[in-house]
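Asks: Residue numbers (this note's numbering), protein chains in the order written: chain R, 540 to 955; chain G, 55 to 242.
Simulated from the structure, these hints should not be mistaken for laboratory data.
Ideal placement from N, C-alpha and C gives every residue a C-beta, glycine not left out.
Keep in mind that the hints are not guaranteed to be accurate.
[What the hints assert, rightly or not] Away from chain G, derived, C-beta distances all over 12 Å, residues of chain R:
1. F554
2. F621
3. D754
[Unchecked claim] Simulated restraints, written as ranges between beta carbons of each label pair:
4. A75/G to W897/R: 21 to 29 Å
5. G68/G to L748/R: 20 to 28 Å
6. K94/G to H753/R: 42 to 50 Å
7. S808/R to M217/G: 25 to 33 Å
8. T843/R to A75/G: 56 to 64 Å
9. R578/R to P152/G: 28 to 36 Å
10. M96/G to A636/R: 43 to 51 Å
11. T843/R to M96/G: 38 to 46 Å
12. A123/G to S807/R: 43 to 51 Å
13. L234/G to K614/R: 45 to 53 Å
14. V550/R to M217/G: 47 to 55 Å
15. M96/G to S845/R: 48 to 56 Å
So you can see what is in the structure, the chains are spelled out below.
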Amino acid sequence: MLLFLLLIKIVALTFCVVLPLVPVSVYFERRFCAVIQDRVGPNRVGIPLTLFGFKKDCGILGIGGLIQPIADGIKLFLKEDFTPNHVRKAFYWLAPALTVAPALITACVIPFGTPITLFGHTEKLVIADLDIGPLFIFAIASITVYGITIAGWSSNSKFPFMGGVRSTAQMISYEIALGLSIIPVLLYFGDLNLSHIVQQQADHGWLLLPLWGHDASHPLTEKLLFWFPAAIAFLIFTVSIFAETNRMPFDFPECETELVGGYHTEYSSMKFAMFFMGEYAAMVIGSALVVTVFLGGWSLGFGTDSWISNLSLGGFGYGGLIHLAIFIAKVVAFILFFILVRWTIPRFRYDQLMKLGWVIFFEAALVNVFLAALIVAAPHLQGTIISLGALLLLIVTAAIIWVAQVSEAKPNNLRA
Amino acid sequence: MAVIKIQRPKLRFGEKIYLTALCKGFFLTLRHAVKSLMGKSMGAKDLASSGLGVTMQYPEQNWDAQLPAYYRGAPALVTDEQGRERCVACQLCEFICPPKAIKITPGEIPSADPWAKVEKRPAAFAIDMIRCIYCGMCEEVCPEQAIFLRKDYVILGTSRKEMVHDKQKLYAIGGVRTGLVNKWNELK
Ligand code: SF4
Ligand code: SF4
Chain R
540 MLLFLLLIKI
550 VALTFCVVLP
560 LVPVSVYFER
570 RFCAVIQDRV
580 GPNRVGIPLT
590 LFGFKKDCGI
600 LGIGGLIQPI
610 ADGIKLFLKE
620 DFTPNHVRKA
630 FYWLAPALTV
640 APALITACVI
650 PFGTPITLFG
660 HTEKLVIADL
670 DIGPLFIFAI
680 ASITVYGITI
690 AGWSSNSKFP
700 FMGGVRSTAQ
710 MISYEIALGL
720 SIIPVLLYFG
730 DLNLSHIVQQ
740 QADHGWLLLP
750 LWGHDASHPL
760 TEKLLFWFPA
770 AIAFLIFTVS
780 IFAETNRMPF
790 DFPECETELV
800 GGYHTEYSSM
810 KFAMFFMGEY
820 AAMVIGSALV
830 VTVFLGGWSL
840 GFGTDSWISN
850 LSLGGFGYGG
860 LIHLAIFIAK
870 VVAFILFFIL
880 VRWTIPRFRY
890 DQLMKLGWVI
900 FFEAALVNVF
910 LAALIVAAPH
920 LQGTIISLGA
930 LLLLIVTAAI
940 IWVAQVSEAK
950 PNNLRA
Chain G
55 MAVIKIQRPK
65 LRFGEKIYLT
75 ALCKGFFLTL
85 RHAVKSLMGK
95 SMGAKDLASS
105 GLGVTMQYPE
115 QNWDAQLPAY
125 YRGAPALVTD
135 EQGRERCVAC
145 QLCEFICPPK
155 AIKITPGEIP
165 SADPWAKVEK
175 RPAAFAIDMI
185 RCIYCGMCEE
195 VCPEQAIFLR
205 KDYVILGTSR
215 KEMVHDKQKL
225 YAIGGVRTGL
235 VNKWNELK
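Given only the sequences and the hints, what does the whole structure look like? Please build it.
Replies: Shown next as structure tokens:
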């Protein structure tokens, strides 16, 4: 019985919530970028009811084009799955799976909403309520690197190889900033369980909007003070997520202008589609993580959450579903932000990317950890120790900035 | 000329930190998107847009009214005001056609015909519209002003065979064209 319930939960949350978000984000990507570029985008594909003898074709919600991703999928399915002669077959076949699977596995620790009650049985809206949520996500997500690297290497031709190498360097570099930037948040919540983190945000204000639920252990001043390290962490985390998912300002593994198609140049048909899906699934999970950690996850905020989660209709506690909807809305909003960024910011140069990762974000995240620690510990310390700590932090920060600047100084041009 | 060294512009702190520029960029893109959604993109009026971006949405709208006079559509044969088919089957167009889209079978004009002195006309004339690249060479090379590129651009077919325009179809598209040089008239 329990296993069955778990299976239902896995299927429902992964295949009915996360996976559909992938085509939805592809559709949004195409429409939104079209609008930004003064075009229309895919607006025609509807359900071809005329094929079944109906009078008119029908678009969902009166919007044409919503079926476009399905049409794309069918197209990719029906294409010839071509395996070039020169590839290393086993790895060539393994790589696409290695990019999709981790992205979908990470979905299991994301809390999608408050528990649902049905027939007296309460079920949490999270597949695996692990106590090491973020760590689990980082651990699994870094397997994606293997997918891309192996794809690049096994394709056995130069452009995919370069794409693979680039992505290895990029993702490893940014994983450090990613991991470090979230430490202040974990310090603040004192918990690694994502469900608890969201519950705390629902009760005491989102990390970036701490405006309600003040009490003795969560005074407003402390929350507002923590807003600064939280904002820095948010910034670093978001940018690192962009780099991790190979999205536009950092899409080096596959930049068309330099590397043809990047690591998936040699792939076609469904194998290519799996890379494509993996990329968008990573984007969905990335936004879900940002929303969960920084923007309150499923909570609506302003103290309405306990009321919503207690909503019930004849023994059916449907509050969790409302929270699920709120969560999805937030994730979609963040995906739209992803898209906006993609069509606004031009690609970085490769050395700029590395510099940003190693010289700026790594240091900033490190300093941020200590800043957050100081703020979290401040209520329990004496004034002198606090000021001493602040002074130390200031000196360290100044030293880091100085070192960064010195290392950046251009050597004198001898010929002047 | 002496070498001019150009100094890179000195950036202010706000510009160096990149964030403000980013936010500005987001708003710029968003403003553009909103404008495009309301059909107020630059040039939307001149391009007769559908109200979304600058795009004219094809089956409902078409640009026939905007077609320029020099538009090169489907090549077609014409007859003149005397009802004579102007092509004399000289096959110059067949030779010049870069993708070899034209196939002509010349035929004799019987001596009973009032235009017997023209001697030749095409027995069959076919243009493969899958091959045609609308270059207009045939129109240019024709010594008889017999073939013209018309403004038709919707050329549809469900098989390769349907996409080959035969003589009948070519005359149907071309129609009658007046005011051309008539070098085969009785008077001359
Ligand atoms: S337009 Fe060009 S390609 Fe087409 S039939 Fe004439 S010569 Fe050939
Ligand atoms: S269309 Fe013109 S060029 Fe072509 S065969 Fe006829 S007369 Fe000659």
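Asks: All hints, please: hold or fail.
Replies: Now for the hints, and whether the structure bears them out:
no.	hint	in the structure
1	F554	32 Å, holds
2	F621	26 Å, holds
3	D754	34 Å, holds
4	A75/G to W897/R: 21 to 29 Å	22 Å, holds
5	G68/G to L748/R: 20 to 28 Å	26 Å, holds
6	K94/G to H753/R: 42 to 50 Å	46 Å, holds
7	S808/R to M217/G: 25 to 33 Å	29 Å, holds
8	T843/R to A75/G: 56 to 64 Å	37 Å, violated
9	R578/R to P152/G: 28 to 36 Å	32 Å, holds
10	M96/G to A636/R: 43 to 51 Å	46 Å, holds
11	T843/R to M96/G: 38 to 46 Å	44 Å, holds
12	A123/G to S807/R: 43 to 51 Å	45 Å, holds
13	L234/G to K614/R: 45 to 53 Å	49 Å, holds
14	V550/R to M217/G: 47 to 55 Å	49 Å, holds
15	M96/G to S845/R: 48 to 56 Å	50 Å, holds
Violated hint for the displayed structure: number 8, the only one.
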